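Per full-length UniProt numbering: the sequence shown ends with 92, consecutive numbering throughout.
Simulated from the structure, these hints should not be mistaken for lab results.
Note that the structure is a prediction, hence the values are computed from the model and not measured.
Cβ atoms here follow ideal geometry from the backbone N, Cα and C, with glycine treated the same way.
Heads up, a few of these hints could be off.
[Unchecked claim] Label pairs and their in silico Cβ distance ranges:
| # | residue 1 | residue 2 | range |
| --- | --- | --- | --- |
| 1 | Gln24 | Ser65 | 52 to 58 angstroms |
| 2 | Glu53 | Gln11 | 35 to 41 angstroms |
| 3 | Trp5 | Leu74 | 36 to 42 angstroms |
| 4 | Arg14 | Ser65 | 20 to 26 angstroms |
| 5 | Arg64 | Ala41 | 53 to 59 angstroms |
| 6 | Ala36 | Gly13 | 41 to 47 angstroms |
| 7 | Arg26 | Val6 | 24 to 30 angstroms |
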Amino acid sequence: MSESWVRRVKQVGRETGRTAPAAQRRGPTPGWVAHADAIRAAVAADPDAALAEYRERFALPLSRSALARALVALGLPRKKSRSGRPSRTART
1 MSESWVRRVK QVGRETGRTA PAAQRRGPTP GWVAHADAIR AAVAADPDAA
51 LAEYRERFAL PLSRSALARA LVALGLPRKK SRSGRPSRTA RT
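Modelling step: build the complete structure from the supplied sequences, incorporating the hints.
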């Protein structure tokens, strides 16, 4: 702790009477929160669809990356990409 920080904390305490730390600031609410029910319904209706298919079929106004973050936050499954490598090689 530096002297200037301690002096500032003491000054704020004298002027306002508040000694507790300030509340943390939160960022803006993600855009997908308003569509959480529609996202859940879309995944329940077709759990094997790709992200682009969810957007097109259910008219969700979200980017693919925003939809992927929403699925993770809601704890919903996501179809794997076919173009990627396998996660590991099979035993022979």
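Consistency of the hints with the structure:
For the hinted restraint 52 to 58 angstroms between Gln24 and Ser65, the CB-CB distance of approximately 26 angstroms leaves it violated. About 59 angstroms separates the C-beta atoms of Glu53 and Gln11, a value inconsistent with the hinted range of 35 to 41 angstroms. As the Cβ distance of Trp5 to Leu74 is approximately 41 angstroms, the hint placing it in 36 to 42 angstroms holds. The supplied range of 20 to 26 angstroms is broken by Arg14 and Ser65, whose beta-carbon atoms lie about 48 angstroms from each other.
The hinted range of 53 to 59 angstroms is not satisfied by Arg64 and Ala41, whose Cβ atoms lie roughly 18 angstroms apart. Between Ala36 and Gly13 the CB atoms are about 42 angstroms apart, so this pair conforms to the stated range of 41 to 47 angstroms. Separation of Arg26 from Val6 is about 28 angstroms and conforms to the stated range, judged on CB atoms against 24 to 30 angstroms.
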